[in-house]
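**Student:** Residue numbers (the numbering used here), protein chains in the order written: chain C, 1 to 335; chain U, 336 to 585; chain F, 586 to 1015; chain B, 1016 to 1307.
Since the hints were derived computationally from the structure, they do not count as laboratory data. Incorrect hints may appear among the rest.
Said to hold, decoys possible - Some chain B residues judged to face chain C by a derived CB distance under 7 Å, without partners named: (1) 1083; (2) 1108; (3) 1125; (4) 1241; (5) 1280; (6) 1284; (7) 1290; (8) 1297.
Note that CB positions come from ideal geometry on N, CA and C, so glycine has one too.
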Amino acid sequence: MSAVALRPAATRSPLWIVVWAVPIAAILAVLPWVMDPYRTIQLAYGLIFAIAGLGFNILLGYTGLLSFGHSAYFGVGAYAVAFMVKYLHVQSMELFLIGTIVASLLVTALFGYVCVRYTRIFFSILTLALSQVLWSLAFKFFWVTGGTDGLRVPTPKLLGVATAESEDKIQFLSHSYYYYVLALFVGCVAVMWLIVHSPFGKALQAIRDNETRARFVGIRIRRYRFVAFLVSGVFTAIAGALWVPLNGLTTPDALVWTFSGEIVFMSVLGGFRNFTGPIVGAVVYNYLKDFAVGFTVYWQTVMGVVLVALVLALPTGIVGTAKLLAALARRRFAP
Amino acid sequence: MSYLVTEKLTKYFGDTHAVDKVDFVIGEGEVVALIGSNGAGKTSLVNLISGLLQPDSGRIVFRGEEITRQPVQDRIKAGIARSFQIVNLFDELTVVDNVALSIFAREGKTRWFFTLADHYGAIWEEAHDILRQFGLDLKATQLAGGISQGERKLLDVAVAYALKPQLLFLDEPTSGVSTREKAPIMDVISSIVRSHRITAVVIEHDMDIIFKYSDRIVVMHQGVILASGSPEEIRSNESVKDAVFGPTHA
Amino acid sequence: MAGLGAGMAHAQEKPKGTIPDKPFKIGHMTFFTGAGAVLGEPMYKGNLLAADEINEKGGLLGKRKIEILKADEAAGTDANTKEMRRLKLSEKIDMFMGITSSGNTPALGPVAEELKLLTIFVDGCTDFLFDKAVPNPRYIFRITNIQSADGSTCALGVAMTWPEIKKVAHIHPDYSYGRNCFDHFSIVTKKVLPKAENVSEAWPKLFSTDFTPHITKTLGAKPDLLVTSLWGGDYVAFYKQALQHGLFNKMKVATTLALGSAPQSIGKDHPDGVLSGVHSNYHFTYPGGNRWPLNKTFVEKYHAKFNEYPNFQAEGAYTATYALKTAVEKANKLMGGWPDDDAIISQLEGMMIPGPGGYVYIRPDNHQGYKDAITGFSKQVPEYPFPILDPTRIITIPIRNITAPPGWPKGEPTSTYTWIDQTWPTVKTA
Amino acid sequence: MDILVIHLFNALLYASVLFLIAGGLSLIYGVMRIVNLAHGNLFALGAFITASAVGQWFAGSTSVWLYLLLPLGAFGAAAIGAILEPTLLRPFYRRPEEYQLLVTFGILMILEDVMRFVWGPYPVSATTLFQQMGSMTVGDWIYPRYNLLVIAIGGLAAIFLWAFIYRTNFGILLRATSQDMRRASALGVNVNLVYVQAFTIGCFMAGLGGAIIVPSQSAVLGMGVDALVLSFIVVVVGGLGSLEGALVGAVIVGLLRETAISLFPELELAVLYLIAAIVLLVRPAGLFGRAT
């Protein structure tokens, strides 16, 4: 896993983060007033998949485990919300999120316990097989999950405030719901930043780089992978829960293994060896796929060619390449 | 009271008897050199004691406590640490990170989720101090994958040392390094081990190093201990010469 | 004045008021790739043919040419929702048309209502759409018959032709369409053939290609009748394998969508006398000859343009486009100038429009298109290299006989199901 | 009783196609340690090529020579494999596994559209081969002879491959490279040549699977992705990297699917994934695999 050499990570002083993070958050906050509603909703999708990308990448980028079944946890989030609407008649977004976290903890604990005993290709195939099990269950028990018809999820109440019937849903999605997603996005980024830069995060990277040595400094490999798996599953499920109101319907589409492939694609597009890689990757991927689907019927070719070219030419992804270029520039113009 | 004792310790790989009913004893504070031709079972013995391998039969007792079947983490807590013949480092973490990880793990702090690793000033100071002792402080922020082979060998020992062990196993600490660099590496390691009275077992081939740095030498051949004694005794022992240097030795 | 325009007498009158000559943009989404393309692609072709005919005469109201933007439904429900929003908000389409899969209309229906986007779904025929997803639709319509019609039509067809049936075997694709056909076939059979009982079930995955185990299981149960809602590539693979197992000689076979999806993909080897459903919508040979000139010209022009014969999707899209044209013209006659969406919607509600497959009535309350359900028996004829519906034994069933009336409460699994269960008498047989 | 014979034939029919696909995947992984997500598409390409050869180019002719066209799809898939490997896969051998999975995921997407573009949306079938052989009677049931031909080809392929791997010197080269690529290249083995040959054979097997089954079914868009997931299940059950594993895995999956369809129809969709998950819990490397 270490064939890609990296510049030493600059020590992250809090000031350095403020210099980067605050202006970006400010721009994101202003956008709904500047951009037309459609672009804002598109960005909301990007931020949601960025949360899923962050969740996915604590496993790949930081623990060295490539999961090809993260659609399972995304789907758990989506179906948790749908079941709460169907059986508990819940309306409030906060309850949806709590329910999603509980449900995803259960599922990731079960799947995680099983998956963390394996690594490399066995881990990838097992996660894929397990996500397909969930897909077939969602498909089969149609009297519960609605099968291919799916389950309706009406507009949720944000912070207890029901949206007035008259308020146009597009306005709702491109303003109040966008800010809700933005707030959660910022929260998730902060929490993941903390986790990844905590001693626990360092231990994960140790496991990624050299499992034997990590064991011989006293780290319980399987337990740490299990916890990383839980964190990863919960983050991805939160993204699934936030994603449903945008679509208004939960269908087994979100559970198919090719959806997991898209999550992997996003992280690699951004650069999975960097914290911000999956975030940038998710936003760019969203615009890329929307463009491809809108531009031609052969959208799969467009995505396939981009993926192959990306992996061939820019293995470190957008952020990774940007950092390499920045380093080169700094070295060339340094006194 | 002996520090570490193995009784009839056995490990077979099919029909090769890597470790064959070995009784191995180390006293407190000793620096023992473990020598023998390739395949004599030296590394297998260390792997059994450090927990990398499970023995087929026999017992291992460390400071009066049975550790034969204990998992690696518990042996580390008990005070056993080891370095590796083929260097095992966290290549994409910095040199200081590598050492700091041992300290975090030793202190049980790798469990902490919501505190920034950079906030543990004491741990980073101790890490930098250990790097100074090993002469690696200039390379602190370099990636472990980006430093020279000699430095990587030293760092491998430093990571083990940072666990503050009572008993340290060093698996060929100078192998793969030019002869010119062997002595300086052993000087550094020996001075640290001696100054902190750490009991150490060094697997080594280079005779000058063995005779210069070890209190006692244990010779292994085809899975059994052939001889054990002070450097002088071993130097004059005929059967050792045949086994280690081959019968036609002039 | 060929094409549907001939049927609408007042089309030649000069439109009233000023009409902008900005093109009228239609967003058309259907399966262009993947296994669904066999059913989806003809839908686009039907829309294109109608649009070209209208554009030849200057476009809608003689001024606004129709421009169609394509979008591939195979991108997945999530991408389709985003694409519909993109088409409306950034491409500024005037109308949305299409959708093949019954998994997509429940997703896109509510989004179209949010976007206030005039939409005519051609298929995606799940009852779930107007039963639950959008109970009182404003901007969305659906032109082809709802799913529940298929199961019921097939059951009635069986009851009329093979009343002595006792043991029934089932093979249905495991997704909402297959379930719907199974449910409605069973409930109607319970009423009209009370002695018939289900002896074997099989639920292959949609778009699978190997049916030998399902055929062997069915043969093992020694049924009198096999009912299947397999369609497209699935049905092609199924009947070829069934032939080699001699299934057709051992039992009657009734289908809901055998000849409906791609008429020309069924071979000369397909046996005669199979009750071959066409999604209870349309087969290009019926109404035949010049009994209904609209169909004759439609089939000729479609075959000339695309070198294949239209399926029910093509006819649905063609009719939907002309429904739009008729509604626009009527609204213009009333108010002059280019009618806004509400005017067009008011004209579409309750419209009775003659399509190539016969009259389509759009019910004002649930915006669902209703036309008489048809089914028939496969017959190889010299004129075509594939089987058609035997013109002498076409079965047509008035749609109001097999659909829940307006105001019937929503039910599980569908309101039609509960309506049949509660209101239909059980036939007493000797 | 004789219905059980038919069920057994059906299971063997399914197993022989699955063996060819999963065996190809396993052979490629065994030698080159890469999992090719586009492997299913080569199965589909084999099916489409043979179907268009028999069904379209020589439509209408019923000569016996048509059967010679049967393996055309296999050679087509092998040719495509021989082009893909050196151009898109070779740059990744020294790179981490993640990149190999991703580039083959990209190839999967491209090949799906290529098939749509070349063959259009409608199913392509070559049923003349299927019908010409007619059917035979087993007890009071009728069974198509062509299916037995497919089972025979599957069995022959298994024997031929086993002999090829374990009885020829190319087989030794293959196994040496699969055990330790670096040591093999140190001993003068042209690893790149062995890789492209192993990959081509793997693709030939997948293409052959598609080619021999298309007459009794038909080539449909999207059949590649289904075949990939099925071959994953076979490889998971049988063990990644070994031909014996692929064979046993294919027979087990064939039998289980047949039983599920006849006894528990509702479970057909989920049963295969459940089995794969269960086997992975008990024996991660599958029944015959080597846990690397």
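**Student:** Hints first: check each against the structure and report whether it holds.
**Tutor:** Hints, one by one, checked against the model:
{"no.": "1", "hint": "1083", "in the structure": "violated (34 Å)"}
{"no.": "2", "hint": "1108", "in the structure": "violated (11 Å)"}
{"no.": "3", "hint": "1125", "in the structure": "holds (4 Å)"}
{"no.": "4", "hint": "1241", "in the structure": "violated (11 Å)"}
{"no.": "5", "hint": "1280", "in the structure": "violated (11 Å)"}
{"no.": "6", "hint": "1284", "in the structure": "holds (5 Å)"}
{"no.": "7", "hint": "1290", "in the structure": "violated (9 Å)"}
{"no.": "8", "hint": "1297", "in the structure": "violated (11 Å)"}
Of the numbered hints given earlier, the model fails hints 1, 2, 4, 5, 7 and 8; all others are met.
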